[in-house]
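Build the complex: two chains, separate frames, hints provided.
Line by line, the protein sequences are chains D and E.
Using the working numbering, the first residue of the first sequence is number 1, and each one after it goes up by one.
Using the working numbering, the first residue of the second sequence is number 1001, and each one after it goes up by one.
Where hints are given, some of them may not hold.
[Unchecked claim] Going by beta-carbon spacing under 8 Å, a handful of chain D positions derived as facing chain E:
| no. | residue |
| --- | --- |
| 1 | T21 |
| 2 | I22 |
| 3 | S23 |
| 4 | I25 |
| 5 | T27 |
| 6 | T28 |
| 7 | A29 |
| 8 | I32 |
| 9 | L38 |
| 10 | S39 |
| 11 | E40 |
| 12 | K41 |
| 13 | N45 |
| 14 | I48 |
| 15 | D222 |
[Stated by the list, open to error] Cut-off 35 Å, straight-line C-alpha distance, at most; resulting in silico cross-link-like pairs (DSBU-like, lysine-lysine):
| no. | chain 1 | residue 1 | chain 2 | residue 2 |
| --- | --- | --- | --- | --- |
| 16 | E | K1225 | D | K26 |
| 17 | E | K1104 | D | K127 |
| 18 | E | K1163 | E | K1130 |
| 19 | E | K1156 | D | K26 |
| 20 | E | K1156 | D | K46 |
| 21 | E | K1187 | D | K127 |
| 22 | E | K1267 | E | K1030 |
| 23 | E | K1190 | D | K224 |
| 24 | E | K1238 | D | K26 |
| 25 | E | K1241 | D | K26 |
| 26 | D | K26 | E | K1030 |
Don't read these hints as lab results, they were simulated from the structure.
All of these numbers come straight from a predicted model, not from anything done at the bench.
Glycine included, each C-beta is placed from N, C-alpha and C at the ideal position.
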Amino acid sequence: MKKALLVFSLLILFVGCEKKTISLIKTTAEIITIDSTLSEKAAYNKLIAPYRNKMIAEINTVISYAPKNINRYDGKMQSSLGNLLADLCYERANVIFKERTGKEIDFSMFNYGGIRASISQGVVTNKNPFELMPFENSLVVVELSGKKIMELIDYFIKNKSAHPLSKNIELLINNDTSYQLKINNQKFDLSENYFVLTSDYLQSGGDKMDFFKNPISLFKTDYKMRHAIIDEFKSLDTLRTSLDNRVILQ
Amino acid sequence: MDRRKFLHQTAAAAVLTSVGGLTLPSFTKKRKHITILHTNDTHSRIEPFETSHHRYANKGGVARRATLVERIRTENANTLLLDAGDIFQGTPYFNYFGGELEFKLMSMLKYDVATIGNHDFDNSIEGLYKQLPNANFDFVAANYNFKNTVLDTHVKPYKIILKDGVKIGIFGLGIQLEGLVDPKMYKETKYLDPLEIAQDMSRILKEDEQCDLIICLSHLGYFYKRNPTKISDLNLAKNTKNIDLIIGGHTHTFLPKPTIVRNSVDKNVLVNQVGAYGVNLGRVDFYFDENNEKSSEGTMILV
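Just chain E, with the same shape it has in the complex (with noise of 0.2 Å):
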């Protein structure tokens, strides 16, 4: 409430200063801190894995996961937790209770939006459809056209979140689902060209809805060596502009680090993907700083 307030009272300042051409001392300038964290693919993995196991042995596992989100929650409130898809199948835990616990697990640790991956839809359509009284975050998906299905209205091309007067964007891009899933499972899903949309959506998110962020969550894999002119994460990248952030999923891609890319209009956007099964937690920080005139200078991103 009081930040509300807050907000109310600079808003006002700020029109007065335009309306009456006066020069009112400027405010002290007030960083903001936006921490967004995500995981991709956790594939119904919810305990770490064995030890015996030959590559992640001991790794993962969402109790932990918990204990991390808390304490990056607690140095900085205005935290995200977003997923990239494919939260769907892996272990008996999906084949007994169909991503009930998957989502109910999710819903504890506070996520906030998740985009759809292909195995979302292997209990069908209906299957997601009906876990999700289970999930208390939203999903988005704004090349997948729900209209003819049971996720019509369930599922939002984007979502905004206000976090401490920074507006967020955020929109959601799935795979094309011909050739990957049975269309028994998918159904009347439409897929629509991700770039087409994305270059709508980031249109809309910056222009339309004056957003200050823009995040990408996308299942389109993050880049096919042997097709590299299919679309994918770094080629989305390169033809759009005003996303700041894409969060990858689909491809199980082990980043050893963040990509940074630069996009159609040679702005740096930041690639990320941390491969799969909650092995990994992605962890990216945007620092905003308060001025009156809009900076033209380039950002600074540091992996």
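In isolation and in its complexed conformation, chain D is listed as follows (with noise of 0.2 Å):
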């Protein structure tokens, strides 16, 4: 009995030795588009019917109303959606900020590039937030030196685009391009450092705005833009904003 079992184990030893007995003679590979001219599983879309039928009834509930189109375009370097989301992601933020620092954001800013969607007029559903919004930005707040101010004032001024800022700021751009600054009323103060909200992606140096990059202090609030904005949203029977003097071209 036992000699078998030691047979057997160099059996299993010398099958393990010769094992080498096969070897790749050739390769080939492709890619494939997967495109209509291949038919559908049926089998596949009866289990994606149900979880497509929830997903569709969730994205079409209303969460607020629109009484007029919110765009992006619709004012010189601000504008209506870009004042509304920068507004409402400042007072989300601020809330958490204040209450895990004890100390206030001073302004945000945000890029006009971010902005996917306008809002049309009618009712506002879950749809909404995800066009505007359909990356996965978070919130995070920098601490910024007064000369980073300047730069990102002067980042501002020379793209001329409608990047949103909230009503913290009051900025009047003269036709040379000289400027004066109040941030929460006060004038700017080049010695004094100053909270900005914006999100993870143009702090990490997205949309080259720099500024951003390398702050005296970095606060996440691990809040997603898309979040604080269907927030917002159901917490408001009706959306309004409008075109403010926060940025005011002389």
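Structure below.
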């Protein structure tokens, strides 16, 4: 019996050594496009259907109302949609920031390109925030020196885009690109540090907003911009926003 | 069962030849054929793109992928279906159901193995863990140490699959999460050097496990032009040996055709990535010949 076992073990051992009996002789590779020439397997659509229906119902759930079209291109270096988003992000993130640090955010700035859609007059559904903000960007607070704030304003003026700024800003831009800046009704002070709310995308250098890189301090809210938008819209019966004097071109 | 029996018999006969030094008539050469199908960065793209889409109009769709995969499986039963990560995030399906449908569909498609992409942490490591019961396939990630996380023991460094007597070793490599994913999401996941791990893995799979075919599922990215020394699939291929195929992801690279790279011992490695969103399916066919002596001739790769 023991002998048999030994022989068996030896066999196994030899089998191990002798295993190399196949070798790769040819490889072919290709990339195949999935398009409408391929039919859809019904079983898969059957699995998808209840999820799809539930998702569509969710997406079409009415969360607010827009009394007029709200878009990002109705003003000069500001817009009704940009103002709405910059303000709501400021309000929502400031609560978190204040609670955790005891300090207040001075203002918010985002990018024009980051607003991916308009809000049409009528009911506002869960679909709108997904269209406005399809990216998973989160809100962050950066502490910037007065010098960096100047870089930020220079960028804003040079860029001429309606990059969203919150209502805490009052920027008067003259013809010769000189400007007067007030932040929360206080004249801008070069020797001061300011807390600016933006997205993690822009903070890491997105849209060449390099002044957000390497801040004095960085506070992550872990609050997604889209979630802030959804939470705010749900809390409002009607979305009210307008152009105002946060940016004035002389 | 029959196949196993056949294997046993062949193995026993082989032993006889070596032990007794007898010259038995050699077996008729049997060609073995393994097909590898793969996706990457499907990003919750379950339905085809809308016909108005500016880039991928009417492309993709899981139900169509199923038709293609099943067709290829009918051609060759010895087919594996693999994914190189970033299964999650990209459509409201993920936002509403947390990846449940993605995993259920992949299970239905009979995926064999997948690796983990950075976006698979988007609902945190717990969010991924929670969906694992919906995945009837395995996850491999050799350079993530999950010891102090909920994924501990649920994700293995590699998996070995035996198909038609061909031993296939598949290991996974993930991208550095720091700076890409919030640490709150990946928690205590430790990132290990992918190149060192790949060298270890290929040695283990080749020498210890005696694999006939070694595949790396990588979410490192194809290549970084602006940072050419950063670890990427092309650099990985150049600096390792014994890997036959690297299936990549992360950079959403739509290659015109699979790439052939010379490895550290001047042998060919195939590197492939099929863009993203299930717009494409990658297909690699490996043909093996049975022989008694180790063949030293290089293998032919047609792309």
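Hints, one by one, checked against the model:
Interface hint status for T21 (chain D): upheld, as the beta-carbon distance to the closest one in chain E is roughly 6 Å, under 8 Å. Satisfaction of the interface hint for I22 (chain D) is found here, the shortest Cβ-Cβ separation to chain E being roughly 4 Å, below the 8 Å cut-off. Because the smallest distance between the Cβ of S23 (chain D) and any Cβ of chain E comes to about 4 Å, under 8 Å, the interface hint for this residue holds. Hint status for I25 (chain D): holds, given a least beta-carbon distance of 5 Å to chain E, under 8 Å.
Nearest Cβ of chain E to the Cβ of T27 (chain D): about 4 Å, under the 8 Å cut. The hint holds. Interface hint status for T28 (chain D): upheld, as the beta-carbon distance to the closest one in chain E is roughly 5 Å, under 8 Å. For A29 (chain D), the suggested interface contact is upheld, since its CB lies about 4 Å from the closest CB of chain E, less than 8 Å. Hint status for I32 (chain D) relative to chain E: holds, with the closest Cβ pair at about 5 Å, below 8 Å.
At its closest, the beta carbon of L38 (chain D) sits 4 Å from a beta carbon of chain E; the interface hint therefore holds under the 8 Å criterion. A hinted interface residue such as S39 (chain D) counts as satisfied when its beta carbon comes closer than 8 Å to some beta carbon of chain E; here the least separation is about 5 Å, so the hint holds. Checking E40 (chain D) against chain E: minimum C-beta separation of about 4 Å stays under 8 Å; hint holds. Satisfaction of the interface hint for K41 (chain D) is found here, the shortest Cβ-Cβ separation to chain E being roughly 4 Å, below the 8 Å cut-off.
The interface hint given for N45 (chain D) holds, since its Cβ lies 5 Å from the closest Cβ of chain E, which is under the 8 Å cut-off. Interface hint status for I48 (chain D): upheld, as the beta-carbon distance to the closest one in chain E is roughly 6 Å, under 8 Å. For D222 (chain D), the interface hint holds, the least distance from its beta-carbon to any beta-carbon of chain E being 6 Å, beneath 8 Å. Note on K1225 (chain E) and K26 (chain D): the hinted pairing holds, with a Cα-Cα distance of about 31 Å set against a maximum of 35 Å.
For the suggested pair K1104 (chain E) and K127 (chain D), the alpha carbons sit about 25 Å apart, so the restraint of at most 35 Å is met. For the hint linking K1163 (chain E) to K1130 (chain E), the alpha-carbon distance of about 30 Å falls within 35 Å, and the restraint holds. With a C-alpha separation of about 30 Å, the suggested pairing of K1156 (chain E) with K26 (chain D) holds against the 35 Å cut-off. Restraint check: the Cα-Cα separation between K1156 (chain E) and K46 (chain D) comes to about 32 Å, which is no more than 35 Å; the hinted pair holds.
Distance hint between K1187 (chain E) and K127 (chain D) is fulfilled; the C-alpha atoms sit about 31 Å from each other, no more than 35 Å. For the hint linking K1267 (chain E) to K1030 (chain E), the alpha-carbon distance of about 25 Å falls within 35 Å, and the restraint holds. With a C-alpha separation of about 25 Å, the suggested pair K1190 (chain E) and K224 (chain D) falls inside the 35 Å cut-off, and the hint holds. Restraint check: the Cα-Cα separation between K1238 (chain E) and K26 (chain D) comes to about 20 Å, which is no more than 35 Å; the hinted pair holds.
Under the criterion of a C-alpha separation no larger than 35 Å, the hint pairing K1241 (chain E) with K26 (chain D) is consistent with the structure, at around 18 Å. Between K26 (chain D) and K1030 (chain E), the direct Cα distance comes to roughly 14 Å. Compliance with the 35 Å bound is thereby established for this hinted pair.
Violated hints for the displayed structure: none, as all numbered hints are satisfied.
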